[in-house]
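Put chains B and C on the given structure of chain A with help from the hints.
Just so you know, the sequences run in chain order A, B and C.
Per our numbering, residue 1 is the first one in the first sequence, and the count goes up by one each step.
Per our numbering, residue 295 is the first one in the second sequence, and the count goes up by one each step.
Per our numbering, residue 635 is the first one in the third sequence, and the count goes up by one each step.
Calculated from the structure, these hints are not laboratory results.
Beta carbons: idealized from backbone N, C-alpha and C, even for Gly.
Please note that the accuracy of each hint is not assured.
[To be verified] Restraint-style ranges between C-beta atoms, simulated for each label pair:
(1) C:R695 with A:R283: 54 to 60 angstroms
(2) B:T306 with A:L287: 50 to 56 angstroms
(3) B:T489 with A:S215: 24 to 30 angstroms
(4) A:L287 with B:S301: 57 to 63 angstroms
(5) A:D54 with B:A496: 50 to 56 angstroms
(6) B:R304 with C:A671: 40 to 46 angstroms
(7) C:G797 with A:L287: 18 to 24 angstroms
(8) C:S726 with B:V400: 41 to 47 angstroms
(9) C:G797 with B:D299: 48 to 54 angstroms
[Stated by the list, open to error] From the derived model, a few chain A residues whose C-beta atoms are all more than 10 angstroms from chain B:
(10) L163
(11) A189
(12) S235
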Amino acid sequence: MVWVNALVQGILLGGLYALFATGLSLVFGVMRLVNLAHGDLGLLAAFLVVAVADASGLSPWIVLVVPAMFVIGYVLQYVTLNRTLESGELAPLLVTFGLAIVLQNVLLETFSADSRGINAGAIETESIRVNDQVAIGWFPLATLVVSVVLLVGLQLVIGRSRLGRALRATADDLRAAELMGIDHRRTYAYAMGIALATVAIAGVFFGMRTTFAPSDGPARLIFAFEAVIIGGLGSLWGTLVGGIVLGVAQTVGTQIAFSLEVSPGWGGDLAGHLVFLAVLATRPTGLFARTQAT
Amino acid sequence: MSSHDFSIVRATSASRVWALVGVAALGVLAAVPFWATAGDMHTLIEALTLLALAQMWNLLAGYAGLVSIGQQAYIGLGAYGLYVYSDRAGIHPFLAVIVAGLTMMVIAIPTAALAFRLRGGYFAIGTWVIAEVYHLLVANFPELGAGNGITVSSVAQLGRETRDRGAYWLALAAGVGAILLVYLILRSRLGLALTAIRDNEAGAQSLGVDVLRAKVIVYLVAAFGCGFAGAVFYLNAIRIQPDAAFTVNWTAYMLFIVVIGGIGTIEGPILGTAVFFVMQELLADYGVWYLVALGGVAVAVMLVSPGGLWSLVRRRFDVSLFPVQRRLRARPVTPSASPP
Amino acid sequence: MTLLRLEGVSSFYSDFQALFGVSLEVAEGETVAIIGANGAGKSTLLGSVAGTVQVAGGEIRLDGEEITRLEPHSRVDLGISLVPEGRRIFPSLSAEENLLVGAYRKRPGAWSVAKVYQLFPLLTRVSRNPGWSLSGGEQQALAIGRALMANPRLLLLDEVSLGLAPVVVRQLYETIPVIAASGTTILLVEQDVGQALSAADRVYCLLEGRISLQGRAEEIGREQLTMAYFGV
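Next up, chain A with everything else stripped away, as it sits in the complex (with noise of 0.2 angstroms):
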């Protein structure tokens, strides 16, 4: 019974995970780029909110992180990102990846090494008994649901809506699209946009579920990115997939190490680590892969 809860349980961290993963893998489905900023940018979200909490008590107000962190997509992309998507691939690693180390430490800088949390009351620790041995969190839950619900919705933009048409046209091919009246520039913004629109949800979930500190960010990322590679690229439901299959792998992990009495350092983040590199040697195109890894 233990197992169907660690099952359970990776399950319910595996829809933190997707919301996390959902960003990075439409940033680089339309414009082929990889944000090494996300995690920490995620993190800005939850420092965000725990600044504006500190200063005037939790509020319903933390909503408007999310279309905060859209604008600082924007702007980030128009101004920045996109400039260095001209110069070729290295560029724009080695900006975003100079992004996240600022980031990082600015993180560090202002709000200290500390761990924080954002405290949601009561429904973070509420949860559904099952039996003796499992219990569903109300807030993972509530999570997870939040991931479905945001793939179902940015699904639906991306298949129906004009913005999701320009979207798809400009990551075919862009000139193309230009042709079309569609600027490519703005439409990286608002891909952008909606990416860390979507990263502030995760993180702020992610703030509201554990503690916290400045250096969770690239945790943040790897894990996204671990379940992108392993749901497949180019699906966003692969990615939902992805982020179950690592949860799972961590929580089992764990339980598997408690069982053998070993050290638990074998499972949780380094099983899920496993899992991944399992996945990449002998699927390395993920489990519903549309497109490929280049």
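Relative to chain A, chains B and C alone:
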């Protein structure tokens, strides 16, 4: 009968001067243990190992197009390799450094097999994940000190003077060796292949350049270089802490140094390392702000002048200290009366 | 009334000059063809009008307004639509989605998905199929339809016949007069001289980046054409 005598030359007048200057500087540097303070020596050791690391990172990213943010794997493993070979296997620490470096090449083979399944930005993160895996694996072994780290006691037992001198000369070998290694590679056929790949990978492939082989060789060389440099660094530091040995900050330093100095040039990392240390001195009192400043400058350089500082120098003075290009020199020949 | 005017336009195709001081005019409602051998500069000329090629010298005016330096996406708003060489339809979008993208800039006008299907009935069969799966002829029809969705005043067609079977080319060219009849001015570039002459009101011939001949399509003689085309 041609009226010109053609020859292919590489050296420029600037590079000949530089070669003389370099040899002299090398002499001075080699003699450092005899005239500098221990503190200066330690600073130089850090500078030289960083220079070696930067040259390796530049080789990967600037010449082979491989942006790796996981080189810290080899730095950390190199450090632990030093421990294992000297403390556990009884090899002399100075020799252990070399063996550790070579071991990194072996470890790099399966690592590359995995990492090379990814490309571009995902390759970058992939190398980071792999570095994390090595980090976590090492931290799981109590024999290696687990999370608390371990002391390379065989080094500690060497005696201060021997230790410092050995570490220094090995660091000098690392720094200078890295420059020479990159220079020699670029002058070789592999170097030609790399230049072709850098210009146009698909085109190079269609011309018969074995792109994968070139990249793998470069990756293995970089693994050796980073492992060697990492081992030297910890030969100097003696205490190995996994979090510090495997931190991604290593990559941050390498990346910033190379970008600011001038990516894709041999002179760039040298210049960048100098800038790095200057900034470290200037901002010593401001904690992590120097990393922020460094990162900020690197980002600014990428946006404004992607060739870095060296490209500004080169544009202004048209000079190349490590000439790699072949140039055609034509000398007019007066026609003689001899039969064709 | 002149819709499009090029005055002394010089443009480059990457490093080398493809157009040397080209001047031409297209009146509103006309169908004008540009013919010439490979490398004569025809596509560069259309590219200059569409904004995909940078103009080094000279002026391009649409309805009197100078557009020489405008970016391609801005020219769509002004009513210029280019059907690029090689079709370049969006492979991952369905045929119908390709058309909808064409209407990204909602210019007022009569063209709609339904009207495009009327013009190109073959597209109705593949409307849901992804772009990459369409045949060459279907792709070309789709590319033209997509450009029409923006309700252009000036439709630019670059080498419609390229890579297509003659019967398909004929069918496509049968739609040109229909498009023209709806009021659209057409400037087309074509290797197939016969089709070009039959579709166009007037013709310009380009030779090595310069206009070597111009005149009404029905008035140009065979010998004249050969000399202008090949430069002999």
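Hint check:
{"no.": "1", "hint": "C:R695 with A:R283: 54 to 60 angstroms", "in the structure": "holds, 58 angstroms"}
{"no.": "2", "hint": "B:T306 with A:L287: 50 to 56 angstroms", "in the structure": "holds, 55 angstroms"}
{"no.": "3", "hint": "B:T489 with A:S215: 24 to 30 angstroms", "in the structure": "violated, 39 angstroms"}
{"no.": "4", "hint": "A:L287 with B:S301: 57 to 63 angstroms", "in the structure": "holds, 59 angstroms"}
{"no.": "5", "hint": "A:D54 with B:A496: 50 to 56 angstroms", "in the structure": "holds, 53 angstroms"}
{"no.": "6", "hint": "B:R304 with C:A671: 40 to 46 angstroms", "in the structure": "holds, 44 angstroms"}
{"no.": "7", "hint": "C:G797 with A:L287: 18 to 24 angstroms", "in the structure": "violated, 38 angstroms"}
{"no.": "8", "hint": "C:S726 with B:V400: 41 to 47 angstroms", "in the structure": "holds, 43 angstroms"}
{"no.": "9", "hint": "C:G797 with B:D299: 48 to 54 angstroms", "in the structure": "holds, 51 angstroms"}
{"no.": "10", "hint": "L163", "in the structure": "holds, 24 angstroms"}
{"no.": "11", "hint": "A189", "in the structure": "holds, 16 angstroms"}
{"no.": "12", "hint": "S235", "in the structure": "holds, 15 angstroms"}
In summary, the numbered hints that this structure violates are 3, 7.
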